[in-house]
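Asks: Chain X is fixed; fit chain V onto it per the hints.
There are 2 protein chains.
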Amino acid sequence: MKKDKDSKSHPDLVADWERLFRVFIRPEGQASRATLIKYMDPILYGLNDFLKTHVGITEAISLKELSNDFMDTIICENPEKKLADVISCLIKEIAPYAVNVASPYFVGHMTSAIPFFMVHLKTIVAALNQNVVKLETSKVVSVVEKQVVAKIHRMIYNKKESFYQENVQNTDTTLGVFTEGGTTANLTAMWAARNAKFPPKDGFNGIESEGVVAAYQAYDVNRCVILVSRRGHYSLKKAGGILGIGHQNIIAMDTDTKNRVDLSCLKRTIARLKKETPKTCILAIVGVAGSTETGSVDPLEKLAKIAAANNAHFHVDAAWGGPTLFSKKYKHLLNGIQLADSVTIDGHKQFYMPMSCGMLYLKEPHTLDVIAYYAHYVNRKGSVDLGIKTLSGSREANSLILDSALKIMGRKGYALLIDHGIETAAAFAKEIKKRKLFELWTAPVLNILTYRVCPPAIRKQLESASKEKRREINEKLNTVNRRIQRIQREAGYSFVSRTTLLQDNKPDDAIVVLRSVIMNPMTTIDILKEILDEQEEIFNLQLRDLLM
Amino acid sequence: MKKDKDSKSHPDLVADWERLFRVFIRPEGQASRATLIKYMDPILYGLNDFLKTHVGITEAISLKELSNDFMDTIICENPEKKLADVISCLIKEIAPYAVNVASPYFVGHMTSAIPFFMVHLKTIVAALNQNVVKLETSKVVSVVEKQVVAKIHRMIYNKKESFYQENVQNTDTTLGVFTEGGTTANLTAMWAARNAKFPPKDGFNGIESEGVVAAYQAYDVNRCVILVSRRGHYSLKKAGGILGIGHQNIIAMDTDTKNRVDLSCLKRTIARLKKETPKTCILAIVGVAGSTETGSVDPLEKLAKIAAANNAHFHVDAAWGGPTLFSKKYKHLLNGIQLADSVTIDGHKQFYMPMSCGMLYLKEPHTLDVIAYYAHYVNRKGSVDLGIKTLSGSREANSLILDSALKIMGRKGYALLIDHGIETAAAFAKEIKKRKLFELWTAPVLNILTYRVCPPAIRKQLESASKEKRREINEKLNTVNRRIQRIQREAGYSFVSRTTLLQDNKPDDAIVVLRSVIMNPMTTIDILKEILDEQEEIFNLQLRDLLM
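First to last, the sequence lines map onto chains X and V.
Our numbering applies: residue 1 is where the first sequence begins, and numbers increase by one.
Our numbering applies: residue 1 is where the second sequence begins, and numbers increase by one.
One chain only, chain X, in its complex shape:
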């Protein structure tokens, strides 16, 4: 191994102080600078053209083959490469084997093209390298963060001007926090809900201090549950597991025909819990505003009422759908969100910010007091340090990016993106229905839909088939749809994802569907037609026999 290790080092590069200073401060000489500019310029000033020219969606190389080039695990003694060479390698050898999420043909996941200015903003955030955990490493940036949080809070809750004047820069209150993503935001919401249910009282220091066992004893409870539809994000189960209440206590409610939580199921469940297990505490009821798999939106107003009647925290997971509020035309789809005790919205989804940025908003400005932590050297009591009420400690200043983006786009700019997504998805659904080979599985409410390949003859068979026969046919269809998705992905021209949904909430009737997320403004109905054409071709040439 020794030999291998040394041979990796660049023959002309040594790690010495002279080089170190240059590496810290500026490019190594004019030639290096010229090379750097050559690569950084297209990244900064023409990102989309650049990706279009250089990167397909993916290259048709297997993971196994790829992996073979990344087996060496020894850190080189001396530098291997100059910065310009490292960047050139990232562009020429890594980028082509990454995934071109910016392509308008990439409509499978919630990761997409971002406006080129986002890259500039991220660069500035990195260059300033502020740490928002505390004022001493961020100063004005903490102030900007409080302001932009209040702006989004206002979009959700629309409280009075006096409320915002009182809270926007109030160092004691918290209208929202930035997190790493939706998972941490959902976890933070459930954490706060848990702690609020088991606060300190005589002879008990609170659940955060004494733990779940002591808390249940102190309040004569033997189980906590969180109720959310089957479409709820898996991070809620994860939160249940992490928080010590057990992920089996995140109870999945059936959904109605539009993939919204079935309110009668929810009410029945609550009634049953109260009757059969009176010591069960309903910690939270969670509404989904833009479910990951189908984009469906729960009836938030009705959920809010049920939550209030049962003294449960009402959380809305709007990680996906939140920015729909930008659109005057479609914001009614989220009616009731203003009643939520807490709301998750992701920055890296429909705010089109770079990875990774999530947010949690709170109706009441003291909700997060129950998760506050202090330390001697930082986050001291009474300080304005933003890290006091966040799960994470050190944290980059993504708030600067969001604040700038709002200024560059305006509300209307974001609304254009939202409207485009919803309307293009509607047009896509229409096209799917027109084509005989496809079956629209879940119609879009926002900009996500699912469908599957299911030839008319098979559809007919399904209608009259026995339960067993139906299952048999669906399994064949599942295989076909799984393979279509994989073949298309591997061909590298376009990408839809797939997921598995239950027909009529029956665990035995699992249906594999193709899933399409329309968020790229460059994705047109013509592109979507091409994607369907390709799927038809794959089916006709390669998979038809599987259904015989």
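Don't read these hints as lab results, they were simulated from the structure.
Be aware that a few hints might be false.
The list treats identical chains as interchangeable, and a pair is accepted whether it falls inside one copy or across any two copies.
Keeping only pairs whose Cα atoms sit at most 16 Å apart, straight-line, the calculated EDC-like set for lysine to aspartate or glutamate is [stated by the list, open to error]:
| id | residue 1 | residue 2 |
| --- | --- | --- |
| 1 | K529 | E423 |
| 2 | K328 | D16 |
| 3 | K151 | D69 |
| 4 | K8 | E490 |
| 5 | K434 | E536 |
| 6 | K436 | E534 |
| 7 | K81 | E161 |
| 8 | K329 | E423 |
| 9 | K160 | D72 |
| 10 | K331 | D172 |
| 11 | K506 | E301 |
| 12 | K506 | E472 |
| 13 | K151 | E166 |
| 14 | K159 | D72 |
| 15 | K328 | E77 |
| 16 | K328 | D69 |
It should be emphasised that the depicted structure is a prediction, and the values quoted were computed from it without experimental measurement.
Replies: Relative to chain X, chain V alone:
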């Protein structure tokens, strides 16, 4: 408010499709591009010069005054500014009121200058916008991540080549994960330790599924504790609170004269727990390798033995000190780290990466199996999706930055930084001892030290004072040191932080100390002398009377 809202919009800017496309794809015209280049160029190619010219450490403006400019909470209808103007505003109006953490005079926190190439790398990561939660949105980047994780794992654990060949690209095993920061890494470690202690067995589905109450019943336990020195990071308490075991069960061990965990206290505590509360489960023993407040390192080898003897998970929080392993000269300070079941290291600390990046490393490649989560549309069982075993879901590809940095710096490059920090801190300690006004409080082991202003006459008084008198004097000194730190910070030329340490582990003897973290390679002993000069001057001119 209506008027206000409209007046913010830029008169020439409307949010329409034409502009939206331009905003997504490239700068708006040649003039805009020229302006952008003007601002982005110094950020990319001469960051340090740029900051030096434009930004002091902080401006002497109060938070209150600053806040007044950031009270408006309405999102503008149309764009307020073009990108170039937004950037110009960030540079001219925000940066001067941010904190110049890159200054060599900023020696108070663990946030510092980063090499300029880190900004380039972060830019590329943002431009590619891969999401490492799943292979379908990252492909080769997931492979690179597994490789660089193995490289750091090797630096810590130095297992055999065959071990790495088997695991580096193994999709079933996990040598480490990237997190948002050290807090999430510590939380993940404690989460895995908790779940491993209460696995599924006959009639019990495991703690993750059933929760803490059922787990304690199933295993006849009534309390879990985590043992760590007083110097342990507050994120461990937070982890205890979140995980439902209660943060009061994170028990703080006294420290010895060198701020390391007092092993006799640890042993006594364990013996007492076993005798008095036999149903207490010792979940984990945590060693600190570079404590936040003093940079001290626990005796890791001995802790490993004690943990093994008590069947406890042994975690090392090396968020700060981990990269000391790069230095041949000083890596012995971390002896025993290779015995840890898990190790936290922060990327945004001594790897000099931009905010926010933490990591957790695991001795055994299946340790994180107990925290795995799956979903239908992603992270499917048997897939290689890296999001299966992380707390977060969507996640940016910080691994690309670390991988590139290792290539640019080489092991020796990082070692130069580590050696500089340790040796400059030692020289600083010597200088503090030389000056009569100062009292070195904790001598540096790595590159962190604490000291306080304490004039010789007062020191003399303290030596012979009664307990009450001593407390009285120390409180005066605490006030003086708090004020010196604040006055110096507000003057804006240099910055040290402060914390509170207990003398001889006695809660009544709380000592406020100045805290200095030497990680910037531009920080020389001469700069540190200037910082002491300034403190002497502040004391002599403004605070001397307080001690009369």
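Asks: Hint by hint, say whether it matches the structure.
Replies: Hints versus structure:
1. K529 - E423: within (15 Å within a copy, 65 Å between copies)
2. K328 - D16: Between copies, since 15 Å is at most 16 Å while 59 Å is not.
3. K151 - D69: Intra 47 Å, inter 14 Å, cutoff 16 Å: inter-copy only.
4. K8 - E490: Neither: 33 Å inside a copy, 48 Å across copies.
5. K434 - E536: within (13 Å within a copy, 82 Å between copies)
6. K436 - E534: within (15 Å within a copy, 80 Å between copies)
7. K81 - E161: neither (56 Å within a copy, 24 Å between copies)
8. K329 - E423: Within. Shortest intra-copy distance 11 Å satisfies the 16 Å Cα cut-off; inter-copy 63 Å does not.
9. K160 - D72: Between. Shortest inter-copy distance 13 Å satisfies the 16 Å Cα cut-off; intra-copy 59 Å does not.
10. K331 - D172: neither (31 Å within a copy, 43 Å between copies)
11. K506 - E301: neither (27 Å within a copy, 54 Å between copies)
12. K506 - E472: within (15 Å within a copy, 72 Å between copies)
13. K151 - E166: Within one copy only: 14 Å inside, 51 Å across.
14. K159 - D72: Only across copies: K159 and D72 sit 14 Å apart there, 57 Å inside one copy, limit 16 Å.
15. K328 - E77: Classified as between; 11 Å across copies, 58 Å inside a copy.
16. K328 - D69: Answer is neither; intra-copy 51 Å and inter-copy 29 Å both fail.
Of the hints listed earlier, those the structure fails to meet are numbers 4, 7, 10, 11 and 16, in rising order.
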